[in-house]
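Listed here are the chains, written in short residue letters.
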Amino acid sequence: MLTFLSSRPRRVVAFNPTGRYAARQVAEMRAAGTPIVAGIALGRGGESLDGLPLLDSLADLDAPVDAAILYTPPEGTLDAVRQCAAARIATIVAAAEYVPVHDALWAAKAAREAGSWLLGPNTLGLCVPDAGEGGLLLGSVSPAFCAPGRVALLGRSGTLTLATSRLMTRAGIGQRVVIHMGGDSVIGRNPHEWLAALADDPGTAAVLYCGEIGGDKEYALAEAVAAFPKPVVATIVGRHAPVDRQMGHAGALIGAERESAASKLAALREGGARVAPTPYAAIDILKGILVP
Amino acid sequence: MRLIEAEGKALLARHGIAIPRGVMLPEDELPASLLARDGMVLKAQVLEGGRGRRGLVRRVDPADATEARAAMQLILGPAQDGVAFLLEEAVAPVREMFLALRVDGTRQGIEFLFSASGGVAVEEGDAPVRLLLSPGVPGLAEQVHAALRCLLPPALSARVAREAVRLLRVMEAEDLTLLEINPLAELEGGRLVALDAKMVRDDAAAGRHDAAATRASAALEDILLSPLERAARAAGFTLVEMPGDVALVSAGAGLGMFLTDLLADHGLSGASFMDNAQGGPAETTEARLEAAFDLAERPGVRAILFYATLASRPMGERIETLLSFLARRPAPRPLYVGFAAAPSASRGFDAAAAVERLRAAGVAMLHDDPLTLVRAIAAGCRPGRS
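Taken in order, these protein sequences are the chains called E and Z.
Following the numbering used here, the residues of the first sequence are numbered contiguously, the last one being 292.
Following the numbering used here, the residues of the second sequence are numbered contiguously, the last one being 386.
FYI, nobody ran anything at the bench for these hints, they're computed from the structure.
Possibly wrong hints are sitting among the right ones.
Stated by the list, open to error - Take a look, some chain E residues computed to stay more than 12 Å from chain Z by CB distance:
1) D60
2) G172
3) A197
4) A226
5) S263
Unchecked claim - Ranges between beta-carbon positions, derived for each pair:
6) E:D200 - Z:G50: 48 to 56 Å
7) Z:P343 - E:V291: 29 to 37 Å
8) E:P148 - Z:A218: 47 to 55 Å
9) Z:D368 - E:E47: 38 to 46 Å
10) Z:V137 - E:R258: 22 to 30 Å
11) E:R269 - Z:T66: 54 to 62 Å
12) E:D200 - Z:P330: 53 to 61 Å
13) Z:P153 - E:P202: 54 to 62 Å
Ideal Cβ positions, reconstructed from N, Cα and C, are used throughout, including at glycine.
Bound-form chain E, shown alone (with noise of 0.2 Å):
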């Protein structure tokens, strides 16, 4: 069970707030509710930033927080993840894209025997809808985009998130949670772990997977599918796209046959998925699954 699920976040930390982007985002976190305590700034500690705290270090804190959003550049991310995880923090969201590869599965390792989960690195985060009992944005998925339901959208491309998110508002299908898992190769928690840890939520009555080409993680996804008890849909983004050219993300890259979106819809198919060419037709089997 995901714990920003079953008790929301009560203390939230931002590394790196003061920067063009970041405090952009900070300040729509704040105005959707996020109770953000304190901002990590070295060098800027003492300050405030649109009234929020500034501290040099997570260390400065003088309480625990259960949640960490890092706009920590990328070269500096593996070290603060390690901070977050070496503080016991539930929630980590590493934001930037371009981290090395290897500082990420340093990263992922030290979430995952922190016990920590770690969304990212490369990610929008995440949003709870608000469905009466407050609701939550870790990062950059906009409320507006979204709202409260039963189906819980997993994503790899933030663009792509935020787009689903919002046809699936307009279509009237409502998100329990949605959650940019990461772009990257190397993410804090793959799309099987997610799925699993939907299982026993009793807010979700269906899971929407939206992953794109390149990479194997469909795979260990179409596995768990077969032992997830509520209904998975899955569309592959990139149906289109040539073979042996990297298509932005790192890693989206149809490199062999078993990358391509036509392996991994076949995959999840085979594994109990619904799939569907495109979010609009997974949109459509959505509407046919949550019929009261």
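Since the structure of chain E is provided, determine the placement of chain Z on it from the hints.
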């Protein structure tokens, strides 16, 4: 970035991994010690596999190296004029093996692959042994040895296991996502030598390493880009050109692929895919439009689709950029525009006025739903429609 063999081997040598002695042609003079050798191997430094089958790896006498190189240049053709050549001492292995290490993103470790039959035989032999290694865990050599001892004599298995751990450290230190040695040769007396090397360096870590040490590899990667793709990289974004009929301007990998799929589902095809690039400026809209309009001027391209999702970036800025660009350079083909903007992105923005201004600037359609836009493009591109 894929590394050519010579630069990969130089990297191995810096870490104490044994490689054959060699020189690059044509810049270097052949050392007397090499000239005295019985045999040499000339290898074209291209990134593609199957060099031996294509005649791009040949055993030569030093005196014949120039002639052999000319023959290889003919095979490569004029497009690869700048390819370098590696001339190495020939070695006589008593055994050729295959060893590879690759980052396994899903299992979050380094996958070790090994076959006791290396060289070209690896493709016809049994499936390689596979083992997941976790860097930092004690006893890695023992793990590898345990996996190999049914394939190799114990002493050799132990040597290969120790070599694998050395290579794992090289992989981390050099930010490689793939390190493949094929063949890994055992020489008379038991010494291990890497006779070939295939490596991929993580682009995200490029800043940690000396660019000069991989200059030839970078140049070869560069040759593979089209002029427009090269210009895009210089402007700070990624462009993938495709043989399509709709020039697509978007931001975000998943969104771009989603739009490409939608176009294909409607009988169209994307002529471009765009995404941000590492180290690029925060704003590249104008440069992206420039590239798309260049593509749209080509025969066969029938429309331009501009679509962006804006969670918090101000929509007004994006629209003003688009309008000022259109004032300077009218769209050469019908331009379809869409924004999925959150309220925070469109705060204080007069959407109705923007619609009028975009229409006046020649935008064929403005809509926030990608499918509606793609359907409109498909309708506009039907035979009989200009």
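Each hint tested on the structure:
no. : hint                        : in the structure
1   : D60                         : holds, 28 Å
2   : G172                        : holds, 15 Å
3   : A197                        : holds, 16 Å
4   : A226                        : holds, 17 Å
5   : S263                        : holds, 15 Å
6   : E:D200 - Z:G50: 48 to 56 Å  : holds, 51 Å
7   : Z:P343 - E:V291: 29 to 37 Å : holds, 30 Å
8   : E:P148 - Z:A218: 47 to 55 Å : holds, 50 Å
9   : Z:D368 - E:E47: 38 to 46 Å  : holds, 40 Å
10  : Z:V137 - E:R258: 22 to 30 Å : holds, 28 Å
11  : E:R269 - Z:T66: 54 to 62 Å  : holds, 57 Å
12  : E:D200 - Z:P330: 53 to 61 Å : holds, 58 Å
13  : Z:P153 - E:P202: 54 to 62 Å : holds, 59 Å
Against the hints set out earlier in the document, no violation occurs for any number.
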